[in-house]
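Undergrad: Just need the whole structure built from these sequences, with the hints factored in.
Listed below are the residues making up each chain.
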Amino acid sequence: GESVGLHLPTLSVQEGDNSIINCAYSNSASDYFIWYKQESGKGPQFIIDIRSNMDKRQGQRVTVLLNKTVKHLSLQIAATQPGDSAVYFCAEMGDSSYKLIFGSGTRLLVRP
Amino acid sequence: DAGITQSPRHKVTETGTPVTLRCHQTENHRYMYWYRQDPGHGLRLIHYSYGVKDTDKGEVSDGYSVSRSKTEDFLLTLESATSSQTSVYFCAIGTSGRTGTDTQYFGPGTRLTVL
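Quick note, the sequences are listed as chains X and E, same order. Heads up, this note's numbering is the position in the first sequence plus 9, with the first residue counted as 1. Heads up, this note's numbering is the position in the second sequence plus 15, with the first residue counted as 1.
Calculated from the structure, these hints are not laboratory results. Fair warning: there could be bad hints in the mix.
Said to hold, decoys possible - Think about it this way: if two alpha-carbon atoms lie no more than 25 Å apart in a straight line, the pair counts; the simulated BS3-like pairs of lysine-lysine are:
id : chain 1 : residue 1 : chain 2 : residue 2
1  : X       : Lys108    : E       : Lys72
2  : E       : Lys68     : X       : Lys108
3  : X       : Lys65     : X       : Lys77
4  : X       : Lys108    : E       : Lys85
5  : X       : Lys51     : X       : Lys108
6  : X       : Lys51     : E       : Lys26
TA: In structure tokens:
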């Protein structure tokens with residue numbers, strides 16, 4: 010499949026453990042944030058989003074935390090499974106733009 | 016892939032030739048986007064459309080043009096392909112893109128190689 014990044018930071022976790030993937034965003038005016046998952050050879054897949062008026066949002070096995078003070082976003086995956094192995098991207102949308110700005114991604118490897 | 020198809024899925028072409036990539040959606044979404052993805056650069060916006068015949072540039076629009084004559088189709092054209100345009104191209108769709116209550120959904124991608 011396609012290589013989405015030659016030198017991506019990599020997080021290696023044991024199957025069943027929790028994973029935390031971090032992202033620093035650039036624009037203090039950004040008010041909408043999304044996490045995507047991208048498997049090899051596929052397009053990015055929406056996981057979860059959060060607006061700037063929230064600091065936490067939960068989905069199925071995933072939680073997104075937003076710290077606007079330090080411009081930091083994190084994705085927590087509970088009970089990580091082999092199928093969670095992928096590259097994860099955060100994306101931000103500014104207050105005057107229809108455009109998403111993507112981070113460079115983190116590769117998650119799940120050890121059986 | 017949220018009712019999004021891209022064609023072709025793979026293409027090899029030569030420098031200087033024109034290339035058109037097609038994105039087709041069945042979701043009736045207003046917004047459509049073209050991105051390219053390269054190692055070390057992540058996903059970068061090329062052009063986007065906010066309605067039929069309404070388009071605007073993204074951060075890496077040089078060398079690309081787009082057209083949208085109907086809601087469901089968004090075409091990306093490389094007028095004269097260069098080796099620097101070798102990349103994986105993704106189309107995305109969204110309903111508003113601005114309310115914060117929506118997101119963008121991506122197609123499967125087109126791998127383009129310019130020799």
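Undergrad: If a hint holds in the structure, say so; if it does not, say that too.
TA: Tested hints:
1. X:Lys108 - E:Lys72: Holds, at about 10 Å.
2. E:Lys68 - X:Lys108: holds (18 Å)
3. X:Lys65 - X:Lys77: Given pair Lys65 of chain X, Lys77 of chain X holds - Cα atoms ~11 Å apart, limit 25 Å.
4. X:Lys108 - E:Lys85: Holds, at about 21 Å.
5. X:Lys51 - X:Lys108: Status holds; Cα separation ~21 Å.
6. X:Lys51 - E:Lys26: holds (16 Å)
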